[in-house]
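**Q** Chain A is already provided as a structure; the job is to place chain B on it using the hints.
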Amino acid sequence: MDAYYLAAIGGALIGIAAVMTMGLTGRIAGISGIVGGLLPPTAGEDRGWRLAFIVGLIGGPVLVAIATGNSGIGVPAAGVPVLVLAGLCVGIGTTLGNGCTSGHGVCGMARLSRRSIVATATFTVVAIATVFVVRHLLAGA
Amino acid sequence: MQIVSGLFGGLVFGIGLAVSGMTDPAVVLGFLDVAGAWNPALVFVLAGAVLVTFIGYRLVMRRTAPLLAPRFMLPGATALDAELLGGAAIFGLGWGLAGYCPGPAIASVSALHTGTLAFLVAMLIGMIGTRLVRQSRTRPAAA
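If you read the sequences in order, they're chains A and B. FYI, the numbering used here numbers position 112 of the first sequence as 234, with every residue one higher than the one before it. FYI, the numbering used here numbers position 66 of the second sequence as 136, with every residue one higher than the one before it.
With the rest of the complex left out, here is chain A (with noise of 0.2 Å):
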């Protein structure tokens, strides 16, 4: 039950964080939007924002760490050359599609958004699929 309850505190600060970002500077919180502003070709507006923001969410399992004890980061789930696919599937993805899991499936439904709710609704369901073939159909073939 324990981990329940910390899951829910920590969605909970995740949805501070997303309403303070609109409320203090007028945006959306996601992820794949703040990098993406950074990046060629052309870099968006507002970069020390961006940068800054990043900055924070390194930082703050690091506090965490300090704080607990456990910073909260797991290992790698993969090897390297399944990640590096993953990276380049979850970079096409979330630039093509305009969003990622904070950005459609946080802030995009809080919204009721209805492009946010069908992407969130179409990630999930392939991240499943997905974990279903690698975890069942190919892990005992």
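Honestly, I wouldn't trust all of these hints.
As the list claims (entries may be wrong) - Chain A is faced by these chain B residues, among others (derived, beta-carbon under 7 Å):
hint, residue
1, Ile-73
2, Leu-77
3, Phe-83
4, Pro-95
5, Met-143
6, Ala-152
7, Leu-163
Hints listed in this document are in silico derivations from the structure and should not be mistaken for laboratory results. Remember, it's a predicted structure, so these values are computed and weren't measured experimentally. By construction, the Cβ of each residue, glycine as well, lies at the ideal position given by its N, Cα and C atoms.
**A** For chain B alone, coordinates are given in the frame of chain A:
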């Protein structure tokens, strides 16, 4: 002030990811593995985040503008097009292979795991490549 608000927003977001278990791919894959030992933790993460954001957005958007910027910048697109659906599907494939989406992968940088860093470099290459292709496609059409 924009920089301070960005840093603070990122910190709270990163603490939330770490506390919730999202920075552990085993927890994320445990949620996605509905046919195995299913771990429902992510349901609580998503529910907590969406509920707080749903209420909070309605409170802050009562103002005519955010505190530090001239206006709210909300996505205007409404079309359920092939790019949205195809992009979401490709993202889902990567999420299921690694158990990483962009936020938790970046938040895990401080552990300096080779696999995490390789994932992030590939993710940035995928983002830049897609942006370049998209720009080269739209530019001639606009000219």
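**Q** Under the constraints set out in the numbered hints, which ones does this structure not fulfil?
**A** Result: hint 6 breaks, nothing else.
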